[in-house]
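**Q** Below are the chains, spelled out letter by letter.
There are 4 protein chains.
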Amino acid sequence: MTPNTPDATIPTPSSPAPDVVRCAYMELVVTDLKRSRDFYVDVLGLVVTTEDENAIYLRSMEEFIHHNLVLRQGDAAAVAAFSYRVRSPEEVDKAEAYYKELGSPVKRAKNGFVTGIGDSVRVQDPLGFPYEFFYDVEHVERLAWRYDLYSPGALVRLDHFNQVTPDVPKAVKYMEDLGFRVTEDIQDAEGTTYAAWMRRKPTVHDTAMTGGAGPRMHHVAFATHEKHNILAICDKLGALRLSDHIERGPGRHGVSNAFYLYLRDPDGHRVEIYTQDYYTGDPDNPVVTWDVHDNQRRDWWGNPVVPSWYTEASTVLDLEGNPMPTVERSETDEMDVTIGADGFSYTRKGDEETMPEWKQGEYKLGHQL
Amino acid sequence: MTPNTPDATIPTPSSPAPDVVRCAYMELVVTDLKRSRDFYVDVLGLVVTTEDENAIYLRSMEEFIHHNLVLRQGDAAAVAAFSYRVRSPEEVDKAEAYYKELGSPVKRAKNGFVTGIGDSVRVQDPLGFPYEFFYDVEHVERLAWRYDLYSPGALVRLDHFNQVTPDVPKAVKYMEDLGFRVTEDIQDAEGTTYAAWMRRKPTVHDTAMTGGAGPRMHHVAFATHEKHNILAICDKLGALRLSDHIERGPGRHGVSNAFYLYLRDPDGHRVEIYTQDYYTGDPDNPVVTWDVHDNQRRDWWGNPVVPSWYTEASTVLDLEGNPMPTVERSETDEMDVTIGADGFSYTRKGDEETMPEWKQGEYKLGHQL
Amino acid sequence: MTPNTPDATIPTPSSPAPDVVRCAYMELVVTDLKRSRDFYVDVLGLVVTTEDENAIYLRSMEEFIHHNLVLRQGDAAAVAAFSYRVRSPEEVDKAEAYYKELGSPVKRAKNGFVTGIGDSVRVQDPLGFPYEFFYDVEHVERLAWRYDLYSPGALVRLDHFNQVTPDVPKAVKYMEDLGFRVTEDIQDAEGTTYAAWMRRKPTVHDTAMTGGAGPRMHHVAFATHEKHNILAICDKLGALRLSDHIERGPGRHGVSNAFYLYLRDPDGHRVEIYTQDYYTGDPDNPVVTWDVHDNQRRDWWGNPVVPSWYTEASTVLDLEGNPMPTVERSETDEMDVTIGADGFSYTRKGDEETMPEWKQGEYKLGHQL
Amino acid sequence: MTPNTPDATIPTPSSPAPDVVRCAYMELVVTDLKRSRDFYVDVLGLVVTTEDENAIYLRSMEEFIHHNLVLRQGDAAAVAAFSYRVRSPEEVDKAEAYYKELGSPVKRAKNGFVTGIGDSVRVQDPLGFPYEFFYDVEHVERLAWRYDLYSPGALVRLDHFNQVTPDVPKAVKYMEDLGFRVTEDIQDAEGTTYAAWMRRKPTVHDTAMTGGAGPRMHHVAFATHEKHNILAICDKLGALRLSDHIERGPGRHGVSNAFYLYLRDPDGHRVEIYTQDYYTGDPDNPVVTWDVHDNQRRDWWGNPVVPSWYTEASTVLDLEGNPMPTVERSETDEMDVTIGADGFSYTRKGDEETMPEWKQGEYKLGHQL
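Protein chains in written order, with the UniProt record's numbering: chain A, 1 to 369; chain B, 1 to 369; chain C, 1 to 369; chain D, 1 to 369.
Here chain A stands alone, though its shape is the one from the complex:
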């Protein structure tokens, strides 16, 4: 099986695509459940809906479905599922037929693959990712009004996934067939696409496709109400002497206009904390295309992106629970074209030469990375 043949376009099925409502939860395999619990519950404050010795089911403060994150004990860190909610029970059938027509490995579980979720279908999609689709789910208390339970950095919603895949246009075409719409992307003047953001719910994304060796999981993102909530998470990590979990940020994204922070969990899974992107629900919502050399595209303040953010990502599993092999990206890498000997970035287009003297040292440093 060759899940990521960059040169082969994924065909559009004749079966109708399932009507996806939103990204709903991710299932993570972690190597030390207790240590992961410390991180997601005690540090980040996600709420335990239920747990047993093998798995913990967590939700955010405004969620009413059973969970937004499953942590499952395993031998090697990985992602077992990117799970989407569909609009009705019938849409689960549509998903099954859709992926069968695509020739993807498909499994159906009438009682769900995990606690709290009913009839579901899991597929290994044409890009190699383990996607799940479900409608039936246990309702739990929406804690939105329970301000007695809020912490300074309370996570209120699951916002999006982010996936690494070698061929972004191929992935975009496949996701558009599945009913997703592009809201923003990063390109260069030669037409190479480095990343694309796609949505079902009317935010900037339910998932994004980031160019790189894949299939891998780049990050899962939770939303806070305000920016100070994100700063509070940083402050708390400092107080707990866990600041090395901060990989990048906090900062303002160019893409999405959201305020962000990237953390790494005890297994290295990347978690973004994110707030305040914009409404994208109109059918003619303008797509924003960023120049890959624009130094404000990923951080609006021009702060550098650490190399690990570009290069590291989580293994994803096939439907048998085996790690998916990855395929390298054949096009140029975003990191390479923006920093280092072969790359460049600008703050003001056409103004590369007029950088203030005091800044040039740092830029040269950037070039050495």
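Covered stretches of chain D, going by a simulated chain A footprint (3 or more residues, C-beta under 8 Å):
no.: 1; segment: 228-239
no.: 2; segment: 299-310
The list that follows gives simulated cross-link-like pairs (lysine-lysine, BS3-like), each with its CA atoms no further than 25 Å apart:
no.: 3; chain 1: B; residue 1: Lys-34; chain 2: C; residue 2: Lys-349
no.: 4; chain 1: A; residue 1: Lys-34; chain 2: D; residue 2: Lys-349
no.: 5; chain 1: D; residue 1: Lys-173; chain 2: D; residue 2: Lys-100
no.: 6; chain 1: D; residue 1: Lys-34; chain 2: A; residue 2: Lys-349
no.: 7; chain 1: C; residue 1: Lys-34; chain 2: B; residue 2: Lys-349
no.: 8; chain 1: D; residue 1: Lys-107; chain 2: D; residue 2: Lys-173
Derived contacts from chain A toward chain C, CB cut-off under 8 Å, selection only:
no.: 9; residue: Glu-226
no.: 10; residue: Ala-232
no.: 11; residue: Asp-235
no.: 12; residue: Gly-238
no.: 13; residue: Leu-240
No lab work stands behind these hints: they were computed from the structure.
Virtual Cβ for every residue (Gly too), placed ideally from N, Cα, C.
Starting from the structure of chain A, add chains B, C and D where the hints point.
**A** This is chains B, C and D only, laid out in the frame that chain A set:
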């Protein structure tokens, strides 16, 4: 024609309802365009897309369609249109057919009723409100990233309308036929409904129906990013010695869980500033029903609702530009059942007797209002 | 003894006044220690330094001295001490001599009157208030960096006291002799002073004198870092169905320019939560005088002051633990001159006649209070 | 003259030190007055008190003295004065006598050296810095309540200076003689001091001494009310495509516990934006000593300090307007001992070996800087 016969149910048309995307703009008639401009542009910071001697077209910072608010010079303050965007040009046709079947007065303007909007239909709906439906609209710069233009209280989105109508269940049935879904409502133990919130986009509402003499416009609401933005608007009004434009708040709503402020514009039109309600886009999103006697339903902190907020609202116009007569509410009023000789409110259900001594004076005062 | 003879000026001692550093703590008598603990520790998040069956010693997050608040079990709610820290051990001697010369009742406790504090002097001052002065104090961990312990509404500093006394100019003269400086006050055109704010540390106040029957304690105030922290306290009170503890606010003060909230504890003791006044440490810091009729003086947004805020305050104790009798104010009351039949307030000076129509109902209501 | 002989202690004068109230303003020489005005007025929003073709006098929103910053046109970027306010006119005389006894170059200007300031003394202090002391100053409107003039990133106070000097203990001893108190410092186990923070007003500092080749000016700092104000400055710089003015941050300091951002002005002068340190006014305020190898001392979140922040600083002028030569630091440099081949930093003391795998790449990178 008797637009608001409380005892008559509005029939469900056999024509399909138009697919409404979201509330898009309101057209207000104001009696002193210059003075209204001072308020909406200089004080609140809405952005002028275009203007002439008779009208001003305003938008919020994250908007990409031509406007969210039209101020039009006129002799008497009123509301000329509650305008919704639909998903495609064909949906405008559907709206026309739908309301014709309902027997409502309907007008079609292929070039739009206002600058910036194309093919539109306006109707006087069965509740007596001037509703507009359009798809075609001029795109303008989305100023989301233009932080050089932000003020401390920047308004970033149009969030919702709020309408006063005598018979809330009748209005809800009509709006559900139109494809809206109830997210929250206020009832009493006897089954009287005092208000209901309804949405198309996945927030708590695109419009709400508030029980009272109607048809009248209760308020139009704009969103800020964070709570401090709303406080900044209050601070600025104080600095300009315009604090008497603040009618109620700021505070936290029980209903919607949003942070809010109510202002009155120079004509008395009510404007809400609003931030941080929650995602409601799932098909089985739980409806929240509040007890009308719960003193935290309209202000989560128990702060009193001023009487004018209950009793005053803006006149709406028919399609000829004449003020619509209003019909009184026949059921009990929310204000009457919650304060005054015949009303009561509780902080803790069943705990009316154990109020701290220092608070009883104020509660008695409340009863005297 | 007649502690509050409004017509008698308090003489200036020839002894030097003690060098007061700041307000340091208040000792409150509460009638149900467990219930008060619930309020101050579980709801407001003050930190317990130590406690026993009769008393609880509490501090704020940035404090390094033993406590900022003592709750002591007693039969009747009262204030046992307003305690100030002085610059050195010798200044305690100065305080003792100073008040002895004034003829005030004075007690010295070489081991302190309460746990955690050493050599102290307590006096019943010429206005009738139980004042304490100490230098020696046990140091405890300053929790400023312990973000793992912060709640969304964390109280970080004791900010000030507020005292009710019948004759404000008399009180001001006495406090100036004690080395305090006036930063702001409220007066009318006839020269009546309604309240004055006075400081040692360079904020707007360490204590304020509010005109009314006294001696009584109006409130004790704690600071948060930001405004959203104060809103979070309101939200939490709502979630706990304790919103009736909110007496007034949140709002922006005119006087002090701070953002505020007034709560009442289970005994009715008033607690202010306060943030962001300004630096006042220069010797020629400009005094700000507010017109008592300026409707933005106490709330910059013009929101009404509830009557209980003007009329209710806590009993203070003499050095034997007996309630101090109060003396009525002989001058006009701020509440009476600003609302009701004999009062008036303006938003814009000279603009009383041009209030918008929609606002006049509320103002008439105000006049009826 | 050898202003910075690291081995020579600066003697304590027998003359009394002037009673310094606070840091009051800095005078900067800039090479393009128009361009500097764009930065400080149009971007940062400082208020112009007055200006002419050679100089601009700027103040922050809560200031009531004439200015906090003077920009003066000159040929080479430099600092002409670090100016402190003293408690009375007589204290200016004391300053003159004090520095004359120290043998420092001293100038007295009865009408002030700059507009808005009266009788002043300027000295070239024993460390080589141009220090000014004044009492007499023109009062201007304190704009604290003028919320109509606030920008999202409004600067409300001058907070502190920061100076680079080769021998920190020598500088501390000199400043303590001048009446300053140390609040925090950075040391290593061998007793080397890398930096010290010192205050007159009860914040963490009025000035700090940073070890390095000196005398040079490291930065001047302005305060905002809240953290989001600092983020708004970054957002605005991004919108103006001036993000390359951001040198470091935003972040949370370990030292001072404040939230911070470092900018570079068009001449490379470093400006810090700063908010929410803590009260330090008690005479026994605990000094906080940080281990130089603690990776959270300068950024509580462990984000790296860019090399330019350590190595670059502004030239200071002598009283004749000539650039002061600098003397190298003879002790180890903070940058060298914390990163690179000879340095190390830890997140958890004693836990250098257990860093997560995904983080080690970055740390190795750190070592290569």
